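Colleague: If you want the building blocks of each chain, they are given just below.
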Amino acid sequence: MSIEYRVSSFEEYRGGRREASKLKTQNSKLVRKKDIGSVLHQWSKDYTIFVPCNEGDTAFTVHGSRLTVYGLWDGSDINLDWYRNTVTPPKANFLPPLEEMFRFQKGKEGHSMELPFEPGVWSLESGVPLPQLIFGIRPCDARALSLLDLIFTDAYQDPYYLPRREGAVLVGLVCLNPYDSCFCTSLGIGPGESDDVDLLLTDIGDEFLIEEISDKGKRLMELTAGLKDATEDDTARANEAKEKAYGRVTRKINTEGIKDRLLSAFEDEHYWEKVAAKCIACGICTFLCPTCYCFDISDEMVKKQGARFRCWDSCAFALYTKMPMENPREEKWQRVRQKVCHKFEFYPMTFDVIACTGCGRCIRLCPVNWDITQTLRLLD
Amino acid sequence: MNSDHKMQQKLRHEAKALLEQDKVDLIIGFEAGSLKFTTTPLITKSKDDLDRLVINPFIVNNLALFLPDFKGRIAVASKGCDSRSIVSLIQDNKVSRDDLVIIGIPCPGMIELRKVEKLTGKDRDELDDIIREGDKVVITVDGKGSEFPIAEVLSDNCLACEFPTPQDYDILLGEPTATSQESRVKSRESRVKGQGSRVQSHGEGGGLQSEASPDSRLQTLKAMSPQQRWEFWRKEFSRCIRCYACRNICPSCFCKRCFVEESEPRWLMPMPRWQENLMFQAIRNIHLAGRCTDCGGCERSCPVNIPLRCLTKEMYDLVDELFHFKAGMDKDAPPLMTHYEQEEAEDLIR
Amino acid sequence: MGAKLNSEWEPQLLGFLCKWCSYGGADLAGTSRKKYPPNIRIIKVPCSGRVDPLFVFKALQMGFDGVLVSGCHPGDCHYQTGNFRARRRIAITKKFLEYMGMEPERIQASWISASEAGKFVEVVTEVTEGLKAIGPNQLFDEQRP
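Chains as they are written, first to last, in this note's numbering: chain G, 1 to 380; chain A, 1001 to 1350; chain X, 2001 to 2145.
Worth double-checking, as some hints may not be accurate.
What the hints assert, rightly or not - In silico DSBU-like pairs for lysine-lysine, Cα to Cα no more than 35 angstroms straight-line: (1) K1144(A) to K332(G); (2) K1071(A) to K1235(A); (3) K1235(A) to K2019(X).
To be verified - Restraint ranges, calculated between C-beta atoms of paired labels, are given here: (4) L1119(A) to H111(G): 56 to 64 angstroms; (5) H41(G) to D1069(A): 53 to 61 angstroms; (6) S38(G) to M1224(A): 35 to 43 angstroms; (7) A318(G) to S1096(A): 45 to 53 angstroms; (8) H270(G) to D1051(A): 44 to 52 angstroms; (9) I297(G) to K1235(A): 23 to 31 angstroms; (10) E109(G) to Y2079(X): 49 to 57 angstroms; (11) D268(G) to V1141(A): 53 to 61 angstroms; (12) Q305(G) to D2027(X): 33 to 41 angstroms; (13) Q2138(X) to G257(G): 27 to 35 angstroms; (14) E1343(A) to D2027(X): 25 to 33 angstroms; (15) A1223(A) to Q305(G): 20 to 28 angstroms.
Quick caveat, the hints were computed from the structure, so don't treat them as lab data. The model shown is predicted, which means the values in this text are computed figures rather than measured ones. Every residue gets a Cβ at the ideal spot worked out from N, C-alpha and C, and that includes glycine.
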């Protein structure tokens, strides 16, 4: 039986999207940083707004380091000068770590089933019914969402992910201070990449330059009052900032023929065992990867009522793809191989695009500093 | 004062000799990480890799973790807490002492990068340099150096460390870590009578305690009402994403199959709900009673900053208080939970 | 669990009783027609040493208001040392969960021999009264009042 893929390549997908929504002429506006609050205020009538914020920085986190996440905007003024990127990727807003799929009960007339909410509507505890607007998303993370779209619009159309995604507006923020773990430029994404967002903001001092990228972005801008038109000088300053940021991404990988190199190394047990030796098989790199989408479905039933949930799963775990008779990935090195090959070999085979955006979370957050760029370098 | 560099030279030399004389098959140590101020475990059979071995204030991982994964004779670089974890693994029959060559590092304490970040307001990769000089640390940001007492940037568990010098070793890379505040340790000594002669090296310990108690968080928690404490943990664990890094980085969590992975019966749903997350940590800690050596690995690896050491340290203190037991002190002693005394803990039972 | 707060609420107690002693004690209490609170549900275990702290926690998580672990008196264990090991485990579990914020009354342990029907009645009565005093187990409810 042959499976008919709706999308054959990322280029085709993105090309179509671009055709449909991308603006021929770009229009740019200016907003003063201190007026961002009032702009968000206008948007909040139609959208649930998520902004980068710090969580869990209490006296108890000795570290006091920033745990940056996308949190519900509380209506106050925001200052993002400190912001680099979040720990939890924005995929959590579309594919939440835990999601109730439906509820069921057993009655006299047999089983019945109900949906706990309209599928696809944001269902964080507060049950906010409006579509999401993610403010300050980084270009790498926005690309990651485009990559996730491929899998969720493929042979299977995900009724939970897609409506959320279709309604959402992404307001990108150019990444002027990338981490030393970032390697986005090797994957065709720059810190100023605009392909995957609806609006793109660039910090040019006291103001943000706002570029309209898509139709959705344009409509949003039309509804926004109190913005100045940008001059050519402003645009030039923004471009300069983007270029400078591009140069600050120093980590590189060689993607040339990576699919084939991995294919020929696939059976090289020695290589994978060596690479996997220090991996502790925790879920950090996969859970916090913006393009990892594996989930696990489980039913929970108490008395005669129950619910079906899905939650993130990770190929690093020993239980991943474990079946009653056997596990095709019994050993840790096999699971490490799965992770690397999924992103750099299988995804390119199916969609002709690498499922990695170089956001560097997996390197930055790894407890033993397992570095995917080093792993790939061994194949050069 | 031990110099990291001198120890590093000696480590490379010793490791090379061990491989050359065919005394071990595998060396486990640290090499420089791929990011600034990080290190990463180096696990190698090749002599050529040994020049990459490093010792610096960032060798935070507990290398005992890797021992049960490998067969054959292993030489392992080991700090105070690592060595106790190794002894604990020997007690639990997970590794054999005969297969090990323990290269002891008298540990002056590890620098907690997140504390440095808090102190400077900069992220790790924005710092130019961090240099430890005795009991001071010089942190350079944007070309400007500032000096801080080392205690301000050492890990909490290092500040509370009782035995910075390995308890069991074949080779020691330097002089045992000097004590500056022996008296502080002595006050504790009376509490560990149960272990008797096994803790003879006590005097070496505790050189790192600072004036500000590293355990002040525990004191704050204990001062709360039970309801407040439960509420505190409910909140903290609602952030948990169940990546299991805390479990997997822990050398004492050596179960081939963790109870969270059991499906018949299903003790715990795989969903990251606070109820499940809290149960996971509670049971994990209870399973670690008498095994945890307070290496701080769990809290350090948590990507969502859950103050896990507030749990592990309490368990560490609890087994000491109830059973006068310290993990990983004597390889010939039975593990805490397989052992008993005729008279103990009766007051908790009706 | 919605009815938890109304006045007819009765605590639910789960007992893990060792097959050789405490279960016999409970049996004797029954056959001797002694009266004890019906709030206890009993699980027979081969030895108090069989009780993993996990069982205790799981019972509380599933909504029991309290858990009682009961075995032979020290020295009387059918397997020589099972109850000594249980004692360490219980001590750790009780103290640690108390630290996490659980009411200590919810985790109880006792030594009851097969002849001590009276003690069994006494323990179950006391524990049930204690649970009544602290109220229903709402530890794992989404929102605590």
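Colleague: Run every hint past the structure and note whether it holds.
Modeller: Quick rundown of the hints versus the structure:
1. K1144(A) to K332(G): It is violated: about 44 angstroms lies between the C-alpha atoms, which goes past 35 angstroms.
2. K1071(A) to K1235(A): Between K1071(A) and K1235(A) the Cα gap is close to 42 angstroms, so the pair fails against 35 angstroms, i.e. violated.
3. K1235(A) to K2019(X): Distance of about 40 angstroms is beyond 35 angstroms: violated.
4. L1119(A) to H111(G): 56 to 64 angstroms: 59 angstroms Cβ-Cβ, so the 56 to 64 angstroms window holds.
5. H41(G) to D1069(A): 53 to 61 angstroms: holds, 55 angstroms
6. S38(G) to M1224(A): 35 to 43 angstroms: holds, 40 angstroms
7. A318(G) to S1096(A): 45 to 53 angstroms: Between A318(G) and S1096(A), where Cβ atoms are some 24 angstroms apart, the hint is violated.
8. H270(G) to D1051(A): 44 to 52 angstroms: violated, 22 angstroms
9. I297(G) to K1235(A): 23 to 31 angstroms: holds, 28 angstroms
10. E109(G) to Y2079(X): 49 to 57 angstroms: Since E109(G) and Y2079(X) have Cβ atoms about 51 angstroms apart, the given range 49 to 57 angstroms holds.
11. D268(G) to V1141(A): 53 to 61 angstroms: With Cβ atoms ~43 angstroms apart, the hint is violated.
12. Q305(G) to D2027(X): 33 to 41 angstroms: Hint holds: Cβ distance 36 angstroms, inside 33 to 41 angstroms.
13. Q2138(X) to G257(G): 27 to 35 angstroms: violated, 60 angstroms
14. E1343(A) to D2027(X): 25 to 33 angstroms: Holds, at about 30 angstroms.
15. A1223(A) to Q305(G): 20 to 28 angstroms: With a Cβ separation near 41 angstroms, A1223(A) and Q305(G) fall outside 20 to 28 angstroms, so the hint is violated.
The structure shown violates the earlier hints numbered 1, 2, 3, 7, 8, 11, 13 and 15.
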